[in-house]
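Q: The lines below spell out each chain.
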Amino acid sequence: MIPRPSRVWAITRRELQSELKGRRWLSVPALLVALLLPASMLPSGGLRPDVTFWVSGDVPAEVRTLETVVVTDHPSSLRFDASDPDRLSLTGTSVPPAVREALDALHPEAVVRVERRSAPSQFPRRGLLLALLAASGLTASIASSIGTERSRRTLSTLLAAAISPLEIVLGKLLAWGGLATITTVLFTGVAVLRGVLDPGWWMLSVFLAPGATIALGLWSVRQAPDVVSATTTALRVMPLATMAGGITAAIIGETNPLLGSMVPLGGLICTAGEMWTLHPARDALVAAGSTLLATAAVVLHTARTLREDPDTSPPGIGWTAVPLPAALLLLSTFCTFVAPRLWRLAGNAAVTEDVTPDQGAWLLAAICLSTLVVVLLRQHRAGPAIVQPAPSASGIVGAIAGAGLLVAAGPWLAPLADGGSFTGVLAEAFQTGLIPSVGVPAALALIASEELLFRGVLAPRIGHGPAAAAWAIGKAPLDPIGAFLCGSAVGFVGRSGGPVATIAMRVTWFAGLAALS
Amino acid sequence: MTLPLVVKDLRKRYQGPDGPVDAVAGLSLSVARGEVYGLLGPNGAGKTTTLRCLATLTRPDSGTVHIQGVDRIADPLGARSRIAYVPAEAGLPERLTPREVVRLFASIQGVPSPRERAETCLDLLSALPFADTPCGDLSTGMKRRVVLARALVHEPPLLLLDEPTDGLDVPGRRDVLAVIRAQRDAGKGVVLSSHIMGEVEKVVDRVGIVARGQLVAEGTVREVLDIAGAKDLDDAFVALVGSGAP
Amino acid sequence: MILRALLHLTLATCRRYAREERVLRSVVWPIFLTPVTLVATLAFLTAARSPDPTVAVPDVTTPLAADLAEAGFIPVAVPHPRDAIDQGQTVIATDGEVVWTSAHSDITLRLESAVRTHRGSGWVLLFQRTPPDEQVLRTMGGLTLRPLAMLFVLYALVFSLGAISRDRDAEILDVELSLPLPGWGPVLARWVAAVLLLVPAHGLSVGLMQVIMPASDPVQFLLRGTGAIATAAAVGIAIAGGAGRRQGFSGPFAVGSILVAGAFTAGPLIPWARDVLPVFNVFTDAPGLSSLLIGLASGPVGAWLHTWREGRVR
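Protein chains in written order, with the working numbering: chain A, 309 to 825; chain B, 10 to 255; chain C, 965 to 1278.
Just so you know, these hints were derived from the structure itself, not from any lab. Careful: at least some of the hints might be erroneous.
[As the list claims (entries may be wrong)] To spell it out: a stretch of chain A is covered by chain C in this simulated footprint if at least three of its residues, at any positions, have a beta carbon under 8 Å from a beta carbon of chain C; those stretches are: (1) 336–343; (2) 392–405; (3) 604–614.
Cβ atoms here follow ideal geometry from the backbone N, Cα and C, with glycine treated the same way.
With the hints as extra help, turn the sequences into a complete structure.
A: Right under this line is the structure:
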């Protein structure tokens, strides 16, 4: 159905009248002015990186005299070493053009010329700020646009009227997107007139970005039941989307600006910031096209899902059941135990030297307990818990005895546990999975919090199998085999003995191994 | 015996877009124990403002309000402990259950054994079957029951009900009116505001018809009908509000 | 009795917030966004250290090609090396005098160094990406924690202002105000609930960040952040006073945003403010104890302001 302009305009007027009324109607425009005025008036160069280059070591006189070079005795971006009389060595990650020219003049016999075939991305210019600020200032308006309407039940009244959801969404987009765009155009004009920025194709991107961002914002809050939910949702989704899009476009555009321009919204942001200078018209037009298409898709989806009542979503833990705890544990494990390896690969191991595994374990325990609290607080919307037998004394005793026996048999099993044998792999897997390699208090805290969450709270609600799977996924980065084996073992024990049994089992194992070693 | 409510020359003025508006212009009334007082009037007559003044939500510009002998201006906390205010909107937090809401109010009101008292009130209003359902998932009728249970939890001597049957179906309205009658029979004072005359006739003992912030007629239903020379409250209302005669 | 009543009301408000899935999701999200971003960056950096790429040269049998191979490149013979880049066959090429590139600077500079070495140039760049020292890393960690605090400050503003606006529309606030509690009671309960929900989430965010990229003195970040959150929540409830029913939310929020953004910006510029006042010191390294105490005291002040402004309007 083709939207009717009169209906769309009616929604737009209603939107602006209802939000910009009362004694505070000036606040929203004042906020936009406060955000955009400095960005459009500050003299250019304020956001550019400092061109001064720091050098150290045996710096030749011809380089010392350069205006953009500062010689220091401290570690610097470029260090000169003249210990080899035949060749001057420079250590660093870049050589500024002025230094390069000075050095080549000193040694003209073997000049190597570097010719770039694609223009490197440059630091984004002011246009990027102008593109983003107006939409950011209207976050609350966007959130209130749908959130407040839902809580006051006026949205359902509107949806029952002779107006289509698409017309409603377009009306809201026109209201806030229009306000943002008008403000952006105004202050872009100020920036150009003041000579802060030169006119160019970047302006097309700047003018389109606010509307696209606000369309995304409306989409993100379409299901929010009230203004608090809507605003917090918008505050997290909009910056994330623009940042992710911008970074993606910037990374892709580093090697291929055309492809970078195609990233919806991200390409628009980069072209607004004039990051790619070889084909500004092409890049801006491509970015505009891709973003307009994506915006249209977003608007249509928003309209299609606007009627869905968020309150009718089925109760229950839902998406938090498996993915959330697994993701929490996975991420925490990843951050605390795997990240140091990544830092080493990335060229720096110093970052996490101060972070001990104990600290990681405590943090993991805290996250498990936080998740446990969240799940319990949502209990009122959950369906009936899976009926399971109460933890039996025999189950608990059996778990302790089993773990104790295995530990006691350790010295006899040890010869089998060499690196290459299957038994050795099993033994190592069990050890890694069940026992965190941390101090006693941290280990006990981690064991208790994990079992309380997975066996105590999640397993009765989602089943022991899924709970064990979630735990195993979380542990996988450390040792996939160990995670699978231990997850199965602990899940089996938990089925009969509950969290008490699994805690007892793991603590017994831990204590036994500690005693033996 | 101290009356549950005595109001003398209550006045409240607001600043409207076209100048000051007298929402309440010298209203005086009283409510006895075991009496239901119907505050009737058209939209914008000042009923809700009057109730909000009595409920200590709005500060009157002048006049006195005594709730069971307690001066509402001098001792608002004392006044609040003697009233239960039921607004037109349910005023129920969506994510709490009725049980939690009623227990909360019982605790805040200082009721001894708040949990038991909450269960009793919920049972009285037949709200136990959905006592653990989040308030946001309840129907209008269910919400109204919960709201009344919440209001009765501390056994206040005065109930202030703003449009208590608004949005309810026939059985729902009947139930609410039954609760009101029960409270009257228990010796409570009830002030209820409404613009549904036919319904009000069935439950009120005395009626005050408000127009433009003033009482234009007051008395029993029969007395008001005689004043207006009408057969029912609807006709009486039109006659009195139209003419503005006391 | 009033204190107990306030405690009950505060706990009930906390329970309400904790059951709002979207709100919880928004509060939990920053806890993971920062480390996810950092881990993604780490993964990208790791992946970016790909094996040396192929370099187009005119002839692979020349000493140039041998020197390039020794330097770790894979020379590939192409009649016109420059065209190989333009056609997308490779990202770096050289004929021994000119280096053509469409690659990022790391590989370009390494190729240039290899060519210079081959030509016997008087100077050569030994490309070495020095890992940032601990001080730099701690500074970077601090730079990440500050926007995090800013986000939670905005959340605090939303919670307090939005909750009152929402509850006022639904007449929940009116019902609570008709209880035998001081007028500031229900408002203060909302402030406490917002602080109780946001401060631990902020703390967990800082904790996770510390594991990845520890900042200097994280305790001060926590103190400053807590003070800022408490103050922003107080600002929210103060602004909500007198707004009236059915007022738009965006107007009051814009007022709050201006105040908070102004404080962020002005803080580093005003010495006495940045040393003491919450929100002002979010982007500084000032000790956080004073701002924590002021922040905690701001709640009752904000509640009083709200009540006073309501009294003027009502």
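Q: Each of the hints needs a verdict: does it hold here or not?
A: Hints, verified against the model:
1. Closer than 8 Å: that is the beta-carbon criterion, and the stretch 336–343 of chain A has 5 residues meeting it against chain C, so the requirement of 3 holds.
2. Under the rule that three or more residues need a Cβ within less than 8 Å of chain C, the assignment of the stretch 392–405 of chain A holds, with 9 such residues.
3. Look at the stretch 604–614 of chain A against chain C: 0 of its residues bring a Cβ nearer than 8 Å to a Cβ of that chain, fewer than three, so the hint is violated.
Violated hint: 3 only; the structure is consistent with all others.
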